[in-house]
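All chains should be modelled from the sequences, with the hints used to inform the complete structure.
As they're listed, the protein sequences go chains A and B. Per numbering that gives the first Met the number 0, the very first residue in the first sequence carries number 0; after that it's consecutive. Per numbering that gives the first Met the number 0, the very first residue in the second sequence carries number 0; after that it's consecutive.
Please keep in mind that the hints were generated in silico from the structure rather than gathered at the bench. Cβ coordinates follow ideal geometry from the N, Cα and C atoms, glycine included. Check each hint, because a few of them may be wrong.
Per label pair, the in silico range of CB-to-CB distance [claimed, not checked]:
hint, chain 1, residue 1, chain 2, residue 2, range
1, B, Lys429, A, Ile128, 45 to 53 Å
2, B, Leu254, A, Val304, 51 to 59 Å
3, A, Ile61, B, Arg438, 14 to 22 Å
4, B, Arg438, A, Phe94, 52 to 60 Å
5, A, Lys11, B, Glu394, 34 to 42 Å
6, B, Thr426, A, Gln16, 24 to 32 Å
7, A, Tyr219, B, Tyr12, 47 to 55 Å
8, B, Ala6, A, Ile128, 38 to 46 Å
9, B, Leu397, A, Gly37, 42 to 50 Å
10, A, Pro303, B, Thr89, 55 to 63 Å
11, A, Gln16, B, Lys149, 50 to 58 Å
12, B, Phe317, A, Lys291, 47 to 55 Å
13, A, Pro303, B, Lys429, 18 to 26 Å
Listed next, the in silico DMTMM-like pairs over lysine to aspartate or glutamate satisfying Cα-Cα at most 25 Å (straight line) [to be verified]:
hint, chain 1, residue 1, chain 2, residue 2
14, B, Lys300, B, Glu178
15, A, Lys302, B, Glu394
16, A, Lys302, B, Asp101
17, A, Lys11, B, Asp355
18, A, Lys296, B, Asp392
19, A, Lys291, B, Glu320
20, A, Lys296, B, Glu373
21, A, Lys11, B, Asp16
22, B, Lys253, A, Glu301
23, A, Lys302, B, Glu393
24, A, Lys65, B, Glu339
25, B, Lys279, B, Glu116
26, A, Lys302, B, Asp257
27, A, Lys11, B, Asp257
28, A, Lys291, B, Asp257
29, A, Lys249, B, Asp386
30, A, Lys291, B, Glu25
31, A, Lys11, B, Glu339
32, A, Lys11, B, Asp84
33, A, Lys11, B, Glu320
34, A, Lys296, B, Glu406
35, A, Lys11, B, Asp291
36, A, Lys249, B, Glu373
37, A, Lys302, B, Asp355
38, B, Lys15, B, Glu25
39, A, Lys63, B, Asp386
40, B, Lys50, B, Glu339
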Amino acid sequence: MHVSSTPHVRAKSSTTQIMLTVIIALLPAAVFGVHNFGIRALWHILITVSTCILSELVFDLITKRKVLITDFSAVVTGLLLAMNLPVAAPLWIGFIGGFFAIIVVKMLFGGLGQNFMNPALGARCFLLISFPKFMTNFTYDGVSSATPLAVLKSGGNVELKDMIFGNTGGTIGETSMLFLVLGGCIMIMAGVIDMYVTASYILSFIVFLILCGGKGFDPYYIACQLAGGGLMLGAFFMATDYATRPVTKKGQVIYGIFIGIMTGVFRIFGPSAEGVSYAIILGNLVTPLIEKITMPKPFGYEKPVKEKKGGKA
Amino acid sequence: MARFTFAGGIHPYDGKDLSKDKPIKEVDPGKTLYFPLSQHIGAPATPIVEKGQRVLVGEKIAEAGGFVSAPIHSSVSGTVKGIEDHRNATGDMVPCIVIENDEQYEEGLPLHQKLFEDMTREEVIGYVKEAGIIGMGGAGFPTHVKLSPKDPSAIDCVIVNCAECEPYLTSDYRKMLEEPEKLVRGLAIELSLFPGANGYLAIEDNKPDCIRVLREKARKFDNIFVRPLKTKFPQGSERQLIYAVTGRSINSKKLPADAGCIVNNVDTVIAIHNAVDVGKPLYERIVTVTGDAIANPQNFKVRTGTLYSTLVEAAGGFKSEPEKIISGGPMMGFAMFDIEVPVAKSSSALLCMTKDEVAANSPSPCINCGRCTEVCPSRLVPAKLADVAERFDEESFLANYGLECVECGSCSYVCPAKKQLAQAIKTMRKTALANARKRAQK
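So this is what it looks like as structure tokens:
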């Protein structure tokens, strides 16, 4: 007979199940990416995913840690990383990115749940800085072309319908707003994420655009900004990463607003048209501080009464 | 004002269908009964019988060992075989009075023969004390202490905890359905001690039949109300219950009386009626014997001191090999490795499960999902507390309000990484409380 401490029952949900849900939620946008950019996109996905799994496995074996690759978290990282790569990037970039994401960002900081930065995003930014030529070479239908967001920034016109459906240039997984939102809804319905981070992120970004975008309240411009670049991928799949967002609800709203504003700043005032990755990474860095100031007060909490000096006996 | 629930909490599988429609049945207590001297919080009782002495049903066999203590009464007639160490539900060897049942069930004298109308306040509380009544929901706090707050006139809410939020348990449910008059009567007696106070029967809304029946019985009183609560664990936790009924929140340093409340469990209130109106001491209680390993789940009226193994037999034995046996509910009950253990005044259930969900799920690293924080009824961050507890960092544990934990286990229940959060927090909390007591003594 078994004896253990209370409670004796457990909810069905598990880490593996959560990671599988995220993978399922990412699939529509990933499959669309392969459809949009061709079979080379699939190669990118396979390379990053297998590099991530292998890196974690080898690291666990070398350091004699418990092998935890069956929780599928490395697959999520690999998939996210591939979705953040431009299809024209050389295939070896996925090896470097996957290795960096898992070994440097995740495992060296203690593995699952201990990393202070989203591994896929950390790797993307690392690649962006190290190989800017490859990482900003966007092709569509085999022709090098600017992303809709870059066109928008230089004052050109873009087709909003294509941006929503995703028939545009960009990284493999970021172009289709439709499928990313669909994936987000899957995660929300499965209870894997809630709306605190995503909603406060998107709303604060919209407010920032209206105030500082230079176009006032222009629904077309706002919609293009939302549909363009990595915003939807970031808002639903990367800003919501458990390990790197604050654990308190109040903190999640502050964090969402912070990245919303930072995304706006980078996109409007920065040299590049894009800014989601850096904004979220900055958000990751302030997460511990936000958590610290938003720790909930316990049930029935009363402020400690300071005893007055020289009070009556 | 009233919110009828609290923030946080969980919805585990409730398993009550197994036994909820089984009427209360008496059970043969068997040949030998064991009465642990410590069935309550506070000082153990002092035995007042000798080996070889004959005792009657309801006869006092041990005296309260102090103010916060309770006497113990024999539940059968028979011969005292002595005082021996025997295992209790929490797994400890504890001194027990052992009585050989002569199966005559010869009744002893009642506690008193007075009418309630002729009793003073002190007499009522005195009989509650003499009857050995304690909190029968599990904590086992002596009831007469609860009924004697520093300032009785400050009490304006007398709450009966009819939540029964623990999964699988149906003993309170059956009592409410089968003896609603006694319950309301017990509450009326309690209310007589606190003039000006209102009585509330706080029931989870998964028991609509109880709500209906008790509403009807309560109609005769203008100071007794039924409060349906949201069905959620741990709705029956004292602090959460007070908040749901009155909107007042208290922390771990305070007593319900500080919020003007007295909270008692269903069985306890019925025991108050029995003690005051009938003069019957507490030696019986309802125990739900259930779980998927039990052939025929039942609600038994059990004489205290009866062994759990006797109850299992009476419920048709095991239909399949149990992997885990729990005294109490699955959220806060004690896992046992031996069922030759006596039913005490606070034993609410015996749950026999064919699968141990704890062993089936090995812990993995925290992924910081925040579910424990969402469900914590005390609004703590259990993952953080467990983390500092595992490093024996008492200072951080206190700074993160670890002492406010009510040990409900909701955090461990929801954790997708299957971490033993509640276990770590409980262990640290015990140490921290002991250290605080040591510091206070200096």
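Enumerate the violated hints, using their earlier numbering and listing them in ascending order.
-> Hints 2, 3, 9, 10, 16, 19, 24, 27, 28, 30, 31, 32 and 37 contradicted; others consistent.
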